[in-house]
Amino acid sequence: MSSDFSGDEGRGYADNDNASPSSSSPSLAVFSGPSARASPSGNSSNLLVDSDAPDEVAIYVDSTSAWDGKPRAWPPIPGYDWVPHEVRQLPSSFYDRQAFRNLIKHICLVKTAANAKHFKLAICQRTERVCHGRGNYPTDFFYVYATMFKDLKVLLPFSDFQMSVLRTLNLAPTQLHPNGWAFMQAFSAICSGLALNPTPAAFLYFFHVQPHPSKPWVSFRTVGNKHLLTLYNSSYKDFKNHFFKVVPTETDYQSFCTPTGEAKFPFYWTRDPRKVLSWPKPQMAPEDLDLINQLCQLPPKSSCRVLIKFLGNKNLPSNVFGKLFFISFP
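Counting the sequence shown from 1 gives a position; the working numbering is that position plus 163.
There's no promise every hint is true.
[As the list claims (entries may be wrong)] Below, simulated DSS-like cross-link-like pairs (lysine-lysine); rule was C-alpha separation at most 27 angstroms, straight line:
#1 K438 - K427
#2 K403 - K283
#3 K274 - K438
#4 K313 - K280
#5 K444 - K472
#6 K486 - K283
#7 K316 - K274
#8 K283 - K389
#9 K486 - K316
#10 K403 - K233
#11 K316 - K403
[To be verified] Distance ranges between label pairs, derived from CB positions:
#12 P449 - Q252: 45 to 55 angstroms
#13 E249 - K389: 23 to 33 angstroms
#14 D415 - P445: 29 to 39 angstroms
#15 D453 - F488: 16 to 26 angstroms
#16 K464 - K233: 16 to 26 angstroms
#17 H375 - N265: 25 to 35 angstroms
#18 R437 - G485: 28 to 38 angstroms
#19 K389 - R434: 23 to 33 angstroms
#20 S398 - H248: 13 to 23 angstroms
#21 T302 - P445: 40 to 50 angstroms
#22 P241 - Q261: 24 to 34 angstroms
Everything labelled a hint here was simulated from the structure, so no lab data went into it.
The C-beta atom is built at its ideal place from N, Cα and C for all residues, glycine as well.
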């Protein structure tokens with residue numbers, strides 16, 4: 164993978180001196196999802212199974228060096244003074260397999276069973292912070308928040324649209340506030356429902372993005388009279404310490420990197436997120452302008468929360484059309 168986003172400042176993963184002997188091998192997790200089904204072979208106590216799920220997908224969870232529960236001093240990882248203090252104080256709640264067992268009851272993680280073979284999940288050590296780089300973890304990875312899947316219905320791998328927005332803004336997935344992910348999800352729902360192709364330029368036309376060194380997360384602000392969507396949660400708080408690692412495992416990271424090996428989005432937090440004050444039309448391609456013209460004809464202030472609920476539903480087009488144009492469908 165290209166080193167553009169290698170995050171080599173500081174150490175994002177501590178040594179394994181305190182590893183628990185019982186956690187030295189990866190375990191399998193089973194996550195439910197539409198159009199995704201896989202039957203794990205064997206009968207292992209390490210299998211995490213949601214027995215009520217209509218569909219099941221097996222995904223590896225790397226629990227190497229899981230915390231053994233013994234109290235000890237956790238020295239901070241140096242090299243991240245440029246990150247706001249709040250972020251550097253929050254260890255992850257995903258420090259053992261139990262956190263993943265609790266999560267799978269509530270989420271769909273992948274689009275298809277085949278996608279589940281392209282990555283594994285990994286726990287976080289107690290010294291890790293969501294802003295850390297790769298450190299001495301064996302391979303590249305990126306952090307994600309549990310709320311992205313539990314509440315916002317984000318799926319792995321990310322869509323080309325989502326990865327393009329992150330790359331355009333020079334943001335790692337967890338550097339963007341969850342409300343920003345909600346805006347992207349709702350925008351995608353509208354475009355999918357109306358058979359339109361979402362583009363980063365058209366999306367950013369409706370928002371200001373103004374990173375600030377003192378602000379822990381980068382947020383989107385609606386622009387003047389361009390209120391296409393409403394805020395998902397005006398008090399989005401219970402997400403900050405619920406993060407874990409996604410580790411690509413496929414050859415050349417094809418789902419997350421270009422054929423030349425360049426990451427499609429920053430894997431790790433960056434010092435210089437991009438400022439955008441509504442994407443200017445003169446810089447747009449004809450397809451962006453056409454998409455904006457169609458979206459500007461829609462009723463303003465559509466609910467992110469309602470639109471996100473439609474994602475993954477086979478009736479998405481009729482649901483979206485009905486929501487946008489106030490038509491009731493049986």
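**OP:** Could you tell me whether the CB distance from P241 to Q261 stays inside 24 to 34 angstroms?
**Re:** With Cβ atoms ~30 angstroms apart, the hint holds.
Original post:
When you check the alpha-carbon spacing of K486 and K316, does it fall within 27 angstroms?
Top reply: holds (19 angstroms)
**OP:** Determine whether the Cβ-Cβ distance between H375 and N265 falls within the hinted range of 25 to 35 angstroms.
**Re:** holds (34 angstroms)
Original post:
Straight-line Cα separation of K313 and K280 no greater than 27 angstroms?
Top reply: holds (21 angstroms)
**OP:** May I ask you to test the hint 40 to 50 angstroms on the CB atoms belonging to T302 and P445?
**Re:** Since T302 and P445 have Cβ atoms about 41 angstroms apart, the given range 40 to 50 angstroms holds.
**OP:** Quickly compare the C-alpha distance for K403 and K283 to 27 angstroms and report which way the hint goes.
**Re:** Status holds; Cα separation ~22 angstroms.
Subject >> Whether the CB-CB distance between D415 and P445 falls inside 29 to 39 angstroms >> reply: holds (36 angstroms)
**OP:** For the pair supplied as a hint, K444 and K472, confirm whether the alpha-carbon distance does not exceed 27 angstroms.
**Re:** Not OK: K444 and K472 at ~31 angstroms, beyond 27 angstroms, violated.
Original post:
Is the distance from the Cβ of E249 to the Cβ of K389 consistent with 23 to 33 angstroms?
Top reply: holds (30 angstroms)
Subject >> Outcome for the supplied range 45 to 55 angstroms, where the beta carbon pair is P449 and Q252 >> reply: holds (47 angstroms)
Original post:
Is the hinted range of 16 to 26 angstroms satisfied by the C-beta distance from D453 to F488?
Top reply: holds (20 angstroms)
**OP:** Take the C-alpha atoms of K438 and K427, compute the straight-line distance between them, and say whether it is at most 27 angstroms.
**Re:** Status holds; Cα separation ~19 angstroms.
The structure fails hints 3, 5, 6, 8, 16 (numbered hints given earlier, in ascending order).
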